[in-house]
Structure formats: C-alpha cells, structure tokens
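Undergrad: I would like the entire structure built from these sequences, with the hints used as guidance.
The listed protein sequences correspond, in order, to chains A and B. For the first sequence, UniProt numbering begins at 1 and goes up steadily by one. For the second sequence, UniProt numbering begins at 1 and goes up steadily by one.
Keep in mind the hints are simulated off the structure, nothing from the lab. Where a beta carbon is used, it is the ideal one built from N, C-alpha and C, also for glycine. Treat the hints loosely; a few may be bogus.
With a cut-off of at most 20 Å between alpha-carbon atoms, the simulated SDA-like pairs for lysine to any residue come out as follows [stated by the list, open to error]:
(1) A:K278 / B:V53
(2) B:K46 / A:P327
(3) A:K53 / B:V53
(4) B:K46 / A:R50
(5) A:K318 / B:S44
(6) A:K318 / B:K11
(7) A:K53 / B:R45
(8) A:K57 / B:S191
(9) A:K318 / B:P218
(10) B:K8 / B:A30
(11) B:K46 / A:G326
(12) A:K318 / B:W219
(13) A:K53 / B:G24
(14) A:K318 / B:V53
(15) B:K46 / A:G142
(16) A:K278 / B:E22
(17) B:K123 / B:R49
(18) A:K318 / B:A30
(19) B:K277 / A:G179
(20) B:K46 / A:E289
(21) A:K318 / B:V247
(22) A:K278 / B:K11
(23) A:K318 / B:R56
(24) B:K46 / A:R275
(25) A:K318 / B:R49
(26) A:K278 / B:A65
(27) B:K11 / B:S191
(28) B:K123 / B:W219
(29) A:K57 / A:E289
Some chain A residues near chain B, calculated using beta-carbon distances under 10 Å [to be verified]:
(30) F16
(31) A23
(32) K318
(33) L319
(34) T331
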Amino acid sequence: MTDTSHSPDGALARPFDGPATDAALRRFLDGLPGVDAVGLEQRAATIGTRSIKSSSKAAALDAVLSLIDLTTLEGADTRGRVRSLVSKAITPDPSDPSVPRVAAVCVYNDMVHHAVEALGAHHAGSGGDIAVAAVATAFPSGRASLAVKLQDTADAVAAGADEIDMVIDRGAFLSGRFGQVYDEIVAIKNACRRSDGGHAHLKVILETGELSTYDNVRKASWLAILAGGDFIKTSTGKVAPAATLPVTLLMLEVVRDWHLGTGQRIGVKPAGGIRTSKDAIKYLVAVAETAGEEWIAPTLFRFGASSLLDDVLMQKQKLTSGHYSGPDYVTVV
Amino acid sequence: MTRLAVAKTYKLFIGGAFPRSESGRTYPVASPGGDFLANAAKASRKDARDAVVAARGAVPGWSGATAYNRGQILYRVAEMLEGRRAQFVEEVRAARGVSAQQAGDTVDASIDRWVWYAGWADKYAQVVGGSNPVAGPYFNLSVPEPTGVVAIVAPQESPLLGLVNVVAPAIVSGNAVVVIASERHPLPAMSLAEVIATSDMPKGVVNVLTGSAAEIAPWLASHADVDGIDLTGAGALDWVDLEIAAVDTLTRVMRPSPLEDAVAPSLERIVSWTEVKTVWHTRSLR
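TA: This is the structure in structure tokens:
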C-alpha cells in the first residue's frame, strides 16, 4: 500500500500508509473516531425539514433523473425485461422528450450482454451516455470463493459492463479480518481491467444493514476507499434496512474527509428503499451540504433504484400540467 | 366535583391512520347556535394527494376480496355504528341543532342505510350484469367491475345520513374512496372514520378529509389517478369547472343533486361507480 500515484499533490498525506496487513488496517480503522449517532440522526432529520421552492424542485428532479442507476435485480429477470428496462432508460417519458436520461442500467452479470445489445449506440462504451452496471462477486450474499468472484467479475467486464457493483465479505469484516476484505477488493479491482487498458468503475457495496453500527459503516467506508473502490455503495437492496439518510450522510463525510486528505474524489451510491422524489431530494441536500455541489454528478453520486424513476416522472408531469399525475401515465417495465 | 370537559381536536383519516393535516391547519367547528364544539383539521391539497395514494393502494385488495367478504365487513361497520349510537346521536344533535328524537331517527336511518348497501355486495352484479343473447356459438357475459378510486364531495347539510349514502354505495362494489366531509359539520364523519378504523375494513378503502371542499375538490377532480368524482355535495361550488377539470383526466363525474336525492337509497349510486366488462367465450359444439 505505498501507491500514492492518484494523489495530485505530493504534499497531501494519505491517511493510511504502509503495507495493508490485518494488524495495520485494524490499528488504523479501530483508531478512527467513533460516530456520534444521536448527532448524525439529528442532522439527517434536519435535512428532511427544508422547504424547497418549485423552481429548485424542477432542477432537483432533473438532477435526480440523471443520477439514477435504473435497476432490475430479480431472479425472474429475462432478456425481455432487460430490454424494456433499457428502453425506459433511453426514453424515460415518451410524452416528454426533454426528460434527461438516467445514468446507467444495473443488471445481473448474465444480463449484461442483453443490456449492451439493447442500448446499441446509447451505450457509454459506444459513445452514448448510458452506462451498464453489473452486480458481481456472488451478489447479494458474497458467499463464494475468491476464484468464483473473480470469474464473475471478469465475465461481466468481458460482456461490456462499464461499472461493477461488488459486495464485501461482511462475515470477514465483522470478524475483524480487515486484511481479507481489503485484499479481495484489490483483487476484484484488478479483475475490472479491460483488454483495451481501461477499467470498469468499481462500486463497493458495504451492505450497511448488516454492519450493525455506524462505527462499522465508517470503518467499512474507509476500508473500501483505501483498497481502491471508485464508489462506495450502501446496500444490495436485498436486506432491510437498505439505504437510510443517516448512513449515507456518514459515508459522504468519509468521502469528504478523504478528499480533504488526498484531493481524490470518491463516489457514493445509496441503493434500496429510495422510492419517492421527496426522499431523493433529501439525499441531494445531504450531498451538496456534506461533500459539496460538485458531487451532484453521475461520476460521483448515484441512486440505485427502480420505482424512484416513476415517482420522479409523475412529479415532473405535475409540474408541467398543473395537476397530479398517476401510475397510469408512466411506462411499465 | 365539577370537571373540565376535554375539547377535542379531530384529525384526518388517511390510509387507516389519523394524521394531522400536512399543512398543520385546523378550524373551529360550531353548533348552529354558535357554541364551540371542537377543532377539525383543515386538509390541504397534499393531504388529498396522500389520500389518493392510500386509496389506490387499497383498490387491488378490496376489489379482489370476494363479494361475500366485502358484505361481511360492511355489516361489521353497521354493528360498530350501532354500538356507538349514543355518541352519533349527540354529534348529530349538536351539529344540526335538532331534538334528540330527530337525531336518533337520523342515526337509525344511517345504520339501516349502511346495512341496505351492505346487502347489495353479493347481489348487485346479478341484477346489473348477466348473459347476453348473441347470434353465434358464444356465451356472452356482462359483469360490473369497480371503477377504482372515487373522490366524493359529501352532502353539506346531512352530515351522517348523507355521508353514508355516498360512501357505502361506492365501496360496496370494491372501489376505494377519498371523501371530503361536510365543511360545517365534519364531526360525525370523523366519528364514522373511527368506526371504520376498528371494523376490519382494509386501510385506505375509506379516506376522510375535513376542510374546505372549494379548496380541495379541484385537486381531486383534476388528479389523473382519480377514476370518478361524486359531486353530490358540491352544489354550492363552481362545479362546472370541476367537471371540466375532471373530464380532462378521463374522470367519471356524478353531478350535484338536491338534498332529498342525496339521502335517498339508490342502486343507481352503486352502478355509477362500476364499469361493465363483457366477455365472449366459445360454446362447445355438439
């Protein structure tokens, strides 16, 4: 762990240096200050009470749209369902061509080539603006051997995935085997390399619902960033509670601290349980006030969601038409 | 020993819960003589929007329940109404300034009316629907199905019987309703909501808003997720504009009616909130 090449300024110190052994990581992570849980939740609750003017709301809704990873992660997913998800990503509202496109579609590993094929010229890899994200590493449990996880990742990258959403080994993390979690993230990051020299962006899913405490969320966030994750993501969406505002706020604080220390910007992706525009706008407020407004961009912030898109579209229709819209007026997947 | 009476502040009934108005507003409710009775919540358009979401969520379960089951639950509501008869008599008496005898008659009529509509749950489809004679080897069947979410402006001058007479026929076929109670006399409506909340009725089937119909009704009329609007109690409003707004989003409209029609039992009120589905089915040839 002596690689400081992505630090733009040699004077900025990495918060952690030296070989990433179990003991060294434990010394560093256990030395992080504890989280003031009451203060954190209080701060998150305050964010939810802001009143927002309708002109700001219109801008916020467009921003939310452009940050969505439109997701389908069902056992019952088919090629047809992925194709209709993709057409929704390309044209979210057929009645209003001015609606911005979503950032990415997020699918299971074996659906990646269907998504790439359906996107065609809209695929980020072919000069378009929609990326394909794949969940890998034995998602959602992460209970498989490293060899299987690496193969899973390599398959998705070979099929054309631009982003890999990996899960950490929560069992190892909770047992204090930080080195193992670290090495696994480093190995998966290597597997994200493409033959053309580029590499797929790596989002590290912490599954905060299984980490029990805010202190653990802070440690896992640092660990994932130290190991080279491009994004830290709250949840798989398969475990309750999924993304919550306090947890996302905490992760944004880690990202902010990392940026202050190293100058490097890491992305954050809350996923699961964000269903309404109102909730999504609270997250935007948290992002802007914690990490900074430059984080409100698809390269640094994403929502992992499926039903959120419909609610945002209905809110946009309400702003345009002046009357409330309903689910009959948005397309189904 | 004398004690201070507890003046109640009523809340709204949305999705099986009793929230305050999102706007935080309340308004005082007075008797015809001008005595303060209680505070009622003054619902805003956002409360109406939330109520429509709750109602929409209740439609699949309620319309999918068997007609027999819906009837049983409606009978249960009538039982609970009967159990709280004394409270309703007092509320109707205070609201309308009538004698206890007249108020008692109104409450009895309301209970009987609820039972009357409950009885139609597993019978109206046989009366309204049926098999149609067609020139071909087919069975041809017409069946009424609930419209979906129905918004209702309840009669202003009949706070209990008038309310029962617009709510019960809409829900008996499987619709979910958002009802704006009488603005001046909202208390019997909120007590009816308390009865419904404790009667096995799935949450969201009946949602009760109190406040200004002139303020809330336009939002319900133009709401794209409202399938029908009952303007029975909207005679004093500018209801032509409401009808225009409703038609823009393909909403079925029932126009305002005079009080005697608004409180009269009618199968027509049930049928108004249904859509006819006609099915062709091949007949075996021998």
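Undergrad: So if I understand the rule, the pair passes when the alpha-carbon distance is 20 Å or less; does K278 (chain A) with A65 (chain B) pass?
TA: At roughly 33 Å apart (the allowed maximum being 20 Å), A65 (chain B) and K278 (chain A) break the hint.
Undergrad: Verify the proposed pairing of K318 (chain A) with S44 (chain B), using a straight-line Cα cut of 20 Å.
TA: Satisfied, since the Cα-Cα distance of roughly 16 Å is no more than 20 Å.
Undergrad: Is K57 (chain A) within 20 Å of S191 (chain B), Cα to Cα?
TA: Roughly 38 Å between the alpha carbons, so the hint for K57 (chain A) and S191 (chain B) is violated.
Undergrad: Does the structure keep K318 (chain A) and P218 (chain B) at a Cα separation of 20 Å or less?
TA: 14 Å, holds
Undergrad: Within a Cα-Cα threshold of 20 Å, do K46 (chain B) and G142 (chain A) meet the stated pairing?
TA: 43 Å, violated
Undergrad: Could you check if A23 (chain A) really has its C-beta closer than 10 Å to a C-beta on chain B?
TA: Since chain B brings no Cβ nearer than about 53 Å to A23 (chain A), farther than 10 Å, the hint is violated.
Undergrad: Next item in the hint list is K318 (chain A). Is there a CB on chain B closer than 10 Å to its CB?
TA: 9 Å, holds
Undergrad: Sort out whether R49 (chain B) lies within 20 Å of K123 (chain B), counting only the CA atoms.
TA: Violated, because 33 Å separates the two Cα atoms, which is more than 20 Å.
Undergrad: Hey, K53 (chain A) versus G24 (chain B), does the alpha-carbon distance stay inside 20 Å?
TA: Cα-Cα ~19 Å, so holds.
Undergrad: Hint check: K8 (chain B) vs A30 (chain B), CA-CA at most 20 Å. Holds or violated?
TA: Answer holds: K8 (chain B) to A30 (chain B) is near 13 Å, not above 20 Å.
Undergrad: Is it true that the CA of K278 (chain A) sits at most 20 Å from the CA of K11 (chain B)?
TA: 24 Å, violated
Undergrad: So if I understand the rule, the pair passes when the alpha-carbon distance is 20 Å or less; does K318 (chain A) with V53 (chain B) pass?
TA: 15 Å, holds
Violation of the numbered hints given earlier is confined to hints 3, 6, 8, 15, 17, 18, 19, 20, 22, 26, 28, 30, 31, 33, 34; the remaining hints are satisfied by the structure.
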